[in-house]
Structure formats: structure tokens, C-alpha cells
Amino acid sequence: MRITLIEDEKQLANIIKKGLQEEGYSVDVAHDGEEGLYMVENFPSDVVILDIMLPVLDGISILSSMRKKGIKTPVLLLTAKDTITDKIKGLDSGADDYLTKPFEFGELLARIRALIRRKADIKDTVIRIGDLEINTANHEIKRGGKIVQLSSKEYAMLQYMAYNKDKIVSRTDLIEHIYDENFDANSNVLDVYVNYLRNKIDKGFKKKLIHTVRGAGYILKDRE
Amino acid sequence: MFTSIRSKLIIWVLSIFSVIFTGLGFFLCYKLEGIVIGSIDRHLYNEVQLVASLLREEEANIEHELSEVAVGEYAIPLSGHYYQIVSSDNRIVASSPSLSVAGTSLPIISGTFIPSYENIIGPEKGPLRLMAQSFTVSDRTYTIQAADSLGDSYKILSSFKKIILIVFPLVFIISLIGILVITYLSLKPLNYFSKRIGQITEMNLNERIDKRGIDKELQPLASSFNTMMGRLEESFLRQSQFLSDASHDLKTPTSVIKSYCDVTLSRERTPSEYKEAMENISEMTNRISVIISRILEISRLESKIFSLNIVGMDLMDVMKDVLKLLEPSASASGIKINLSGQRVNISGDRERLTEAFVNIADNAIKYNKKDGSVDIVVGDKNGEALVTVTDTGIGIPEKGREKIFDRFHRIDESRSVVAGSGLGLSIVRAIIKAHGGRIEVESEIGKGSRFMIFLPL
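For the protein sequence lines, the chains are A and B, in the order given. Quick note: to get my numbering, add 576 to the position in the first sequence (first position is 1). Quick note: to get my numbering, add 82 to the position in the second sequence (first position is 1).
Bound-form chain A, shown alone:
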């Protein structure tokens, strides 16, 4: 899952980025409103974390402008403005959630997961595909009741495919939602990771869950 973080306070942006990356998200950071709006309009992302007080262009303007252009990405406002009026204004401008600074990092993560679930229209934190269980809250993966250890990139890949289960996920989709803007799309890193994932999820099981759709991409499904 890819997150766009628009926050002008560099140290705060750095630590949030680090925390999110450790949770398997890929993070693009913008330090002012203009750069942020450009990123939101041009890079795919699953969640936007947006500060309100930003140089050049404020958060509410970014929000209104992206909603006007029909960009439906969930937006979480992360701001020091904590009055009810600010919250109402933020949510009415098209935000999906509102978190005030200072915040509990765990709460930020939980709210991001909730936004992703809502976007994928999944209510349960545990996604099940056959005997594969993906707990999106604590990142625990079980296949046939046994815990499978995944790296954060592998997890991110599996989670993205799980949120889109039974649908074909193209290479581009995977690259866009798992890597940030610095990823070199021409490399074969993706294929390597898909292979790692296959080894951990499907190896030793009769029923394969990760399938390659020739010329289109991959699909995570239980049925044949």
C-alpha cells in the first residue's frame, strides 16, 4: 500500500515515513502544498496523510482541489488544529478521517488500515483466501493454521493482492502501490519478490493461491 504524506515539518515527516515503511507501506513525502497537490494528482496512492497548515498551498485547498478533479483517494487530515470547527471544515472539504497532533503512532496506523479496508470494502481485519489468513492489524500470515514469516515488502505485496482478491493485479498496479516514486520500474525486482512470496505461501501446498495471468499480471484466488 502506498501512502502520500504531505507534512512541512521535516523531522515529523521523516519519522512518520520511517514508521510507515516499517509497517510495509511505501511512502512519498511532500514538504509543501504545491508539491503535495502535484503528487496527489500524478502518483497513485492508497491513502493521503495531509497537514492543514502548509506553505504555499494549505491542506484544505489541496483537498478541495483533488476532490474537484475526482480523485477519490482516502484522505486523513493530520493537524494541530483541534477545534470542532476545524474538524467539521476538514471533513466537509472531503477528508475521510481527522487526527490531531500530537497523536499516538499506533492510532495513526489503525486509522490508515481502516481507511484502506473501507476503500477495499472489507470489514474484517482478517482477510481469508482458502486456508490463507492475512491479519492486516498485526501483519500475521497463516497458511493452513501455520504462521508464515514475510518481509515487509513481501507482506505489502500479499496485502495488496489480498485487498484485490479474485481480481487481476497488473505489474504496474503492484509497482505503483508497493513502491514509492524512487522505484525503477524496469528492474525485475518485482518478479523476484513474487517468487519469494510464492515460495513462502504456496510451496508445499497442493492448492496454489498465487497465479500468473500471462501478459496481464497476477491474481490471488482460491478457485480454479
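In case anyone wonders, no lab produced these hints; they're calculated from the structure. Incorrect hints may appear among the rest.
Stated by the list, open to error - Example chain B residues on the side facing chain A (calculated, C-beta under 8 Å, incomplete):
no.: 1; residue: Lys113
no.: 2; residue: Ser306
no.: 3; residue: His330
no.: 4; residue: Thr334
no.: 5; residue: Ser337
no.: 6; residue: Val338
no.: 7; residue: Ser341
no.: 8; residue: Tyr342
no.: 9; residue: Asp344
no.: 10; residue: Val345
Here the structure is a predicted model, which means the values were calculated and not measured. Heads up, the beta-carbon is just placed ideally off N, CA and C, and yes, glycines get one too.
Starting from the structure of chain A, add chain B where the hints point.
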């Protein structure tokens, strides 16, 4: 009782009315009595002259001639209209039928040739006005007396007095009611004011009194009330804005610290990761303590509980100190500072003034463009010391120019471009104000700003 406006008014009006009405009543009664008596006197005089003229002509036949006079009321017994002629030996020679038929007479008075008047009780037991005058007819002196009843006149006078006694209290009562009504009506807005003032809390400081419908005399009160409310509201808003700004400014570094703690503690870390987290936390703690100490300083400056350590100094020397303090950061940003002007002696708190000028010059450096310059000129103008600090920086937008001295105001919301707490210029203003001076700003976007600091010589 005398503390109430209404009772004071009532007592005042009562005294004025009593004095004026009593005086006027007495005066009018006296005048009316004079007019009435005067007309009776004239009538009596004419009567006496008529009788006297008859006496002169027919000495032997007085009574016969007098019969021409003795008609009308003079013929009715005890009618209250009488005359009689008395000889020099006090014998009644003749009298009007009103006396003679009733068999009575007027008290005999030996008159003089000048008419004399007096009030007596007449034979009919009523008050009479009596006139007596002597005349010489054929070497004999007669006194002619004539009298008219005063009854009717006294009736007129007494009914006039009655009217006064009824009308004046009536007028007084009506005025009293008028006073009560007017004082009630004019004091009513005061009750309204006191009610409104009593209702003021921090929740409704935006309330104002509508001046329409308020008596003209009370409109200044309404205006003052509204002005006062405006000031209260403004200062209250400033205070709450200050609080919210302060908390907002503290939230960002707090968030950084909190996030470093949360993220770092979320899993096992290497010593270098802990070190990095601690470094960041330490930096943010420094930022928080700078903000807090500046907030405290402003509070102290604004609440005027600080004392200035007044000494004589040369502003030029102060500016040289400022230059020394800022030279390193200026050369680091490639900005040239020029100091010119003359020696100007003022008195003030040297340390605080240095702090104020450092703040202003520091802003001029921070908000300058690359390879820009800052010109500081020391001089005097119209009896005031004047320091101008001119930069070649980004300028201040017109709409924000008034606000730059407000606490936490930043021209740009950006914190990362320039690490200011937004408190510097409000500290400057507080210091300059405490010295009895003022600051003016001129600015042009993209070209730069000029701060002019005036201080009393």
C-alpha cells in the same frame, strides 16, 4: 433617601414650587386687594364730591337736594351703601335713607380737607370702607362721610385665594407625577444597562447595545459601553488566540517527540537508531523550551511586571553590539550588514533594547534574499531617536503588515523555511513600548521592508 436622583429632583422641585407659588400668591392677593379697594375709594370720592357740590349750592335746603342722591342702594336700609353729613359740632346734619330709615348712623369722624379712608364694621355688621372729607360751606365746616360695603370685594378676594389654594397644589401634584414619570422613563435605560452589564460573561463579549431608541443623553454611555466591550472582546480574543497559537506551536515539536518515541519503541532497535531518535527528541525539546521561554518573556513584558534597568547610552554603540551578535549568521547567509549614522544619546534598558534590535535585524537577515543586504541607520528626527533597518528581502504583504507584531504571527505558515517561533516581533514591540517608543513598517513585496524604531531622546 437623598442619594436617589428621583428624591433629589422631587425635593428641588417642591422647594422651587413652594417659594414661587407662595410669593406669587401673596403678591397677586395684595395686588387684587389694591385694585378692588382703589375702585371703591374712587367711587366713594365721587360720591363725596357730589354731595359736597350739592351742599355749596343750596345751603338752606340740603336735605331736599340730597334726596336726589339718596336713591338706589342709598335708599335701601342697611344696604351697605351710606353717607352722612356731620357738622363741626359733631351733629349729623343729614344722612342717606339707608341710615336714617334704619335709625342708625356711621361712627362720627371729624375729617380734614384731605380725604381720609378707613375700614370699619358697619351698622349691618359687615366690613365697610369709609371715606371722610371736610368742606367749608358758607363759613361753616361740614364733614361728609361716605361708606361702601367691602363684603363683595372680600368675597372676590377670598374666592381668588381659594382658587390659588386649589390650583397651585394641583399644579404641584401634576408636576410631581411628571417628575416621577420622567425620572422613571429616563432611568429605565440605566436599569437596562446595568442588567446588560450584569449579563456579560466571556461567552457573550460580542454583544453591543443598540443606540437606536436610547435617549440622546445616554447615547454616550452606550457608545462607551460598546467601546469597552470591543476592547474587552479584542483582548479576550487575543488572549485565547495566544493560547491556541501557543498550544498549536507546541503541538508540532511534541508530535515529533511522540512519533519518535512510538516508532522507536515499536520494535527492537540498534544503538544508532536509538541515538538518532534521542538526537531528534533533544532538538525538539530545545525548540519547545525556546517557545516556552519566549511566551513567558512576552507575558512578563505585557503584564509590565518587569522593571527596566534605565541607563544612559549611545544608540550607535548598541547597534555596534547588535552587529557583532549578528555578523556570524549574516555572513553564513551571505548577507552584508551596513551600519551608518551618528551618535544619539538616549536612556533605557540597554540589554532589552539590544535584544529588540537583534530581533529586528535578525528578521531582516532571515527574510532576506540570497546575497542581499541590511542597512541600519542611526539618527534623530523631530526630537526623537530613530533607527531604520532596511532589508532587501521578500517584503511583507500589505494585509499582514499590521499583524506582524502579534504573537505567533508568521507571514508564511512555513516553519521549515525559517525557524522562527513567531514571537520575536511581539517581544520587540513590548520592549519598545515599555520605553515609550513606537515602530513603523514600510514594505514592498519582493523588494524589501523598512522598520523604523522611534525612541524618546
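Problem set entry | Per-residue hint verdict: Ser337 of chain B, partner chain A, C-beta under 8 Å | This hint holds: Ser337 of chain B lies near chain A, its Cβ roughly 4 Å from the closest one there, short of 8 Å.
Problem set entry | Satisfaction of the Thr334 of chain B interface hint, Cβ to chain A closer than 8 Å | This hint holds: Thr334 of chain B lies near chain A, its Cβ roughly 5 Å from the closest one there, short of 8 Å.
Problem set entry | Status of the hint placing Val345 of chain B at chain A (closest C-beta pair under 8 Å) | holds (4 Å)
For this session: Report holds or violated for the interface hint on Lys113 of chain B, using the least CB-CB distance to chain A and a cut-off of 8 Å.
Result: violated (82 Å)
Problem set entry | Proposed interface contact between Val338 of chain B and chain A, which counts if any beta carbon pair is under 8 Å | holds (5 Å)
Problem set entry | Per-residue hint verdict: Asp344 of chain B, partner chain A, C-beta under 8 Å | holds (3 Å)
For this session: Please verify that hint: Tyr342 of chain B, Cβ, nearest Cβ of chain A, below 8 Å or not.
Result: holds (5 Å)
For this session: Please verify that hint: Ser306 of chain B, Cβ, nearest Cβ of chain A, below 8 Å or not.
Result: violated (32 Å)
Exercise. With 8 Å as the cut and Cβ atoms as the points, is His330 of chain B at the interface with chain A?
Worked result: holds (5 Å)
Exercise. Against chain A, with CB atoms and a cut of 8 Å, does the hint on Ser341 of chain B hold up?
Worked result: holds (4 Å)
Taken one by one, the earlier hints fail for this structure at numbers 1 and 2, listed in ascending order.
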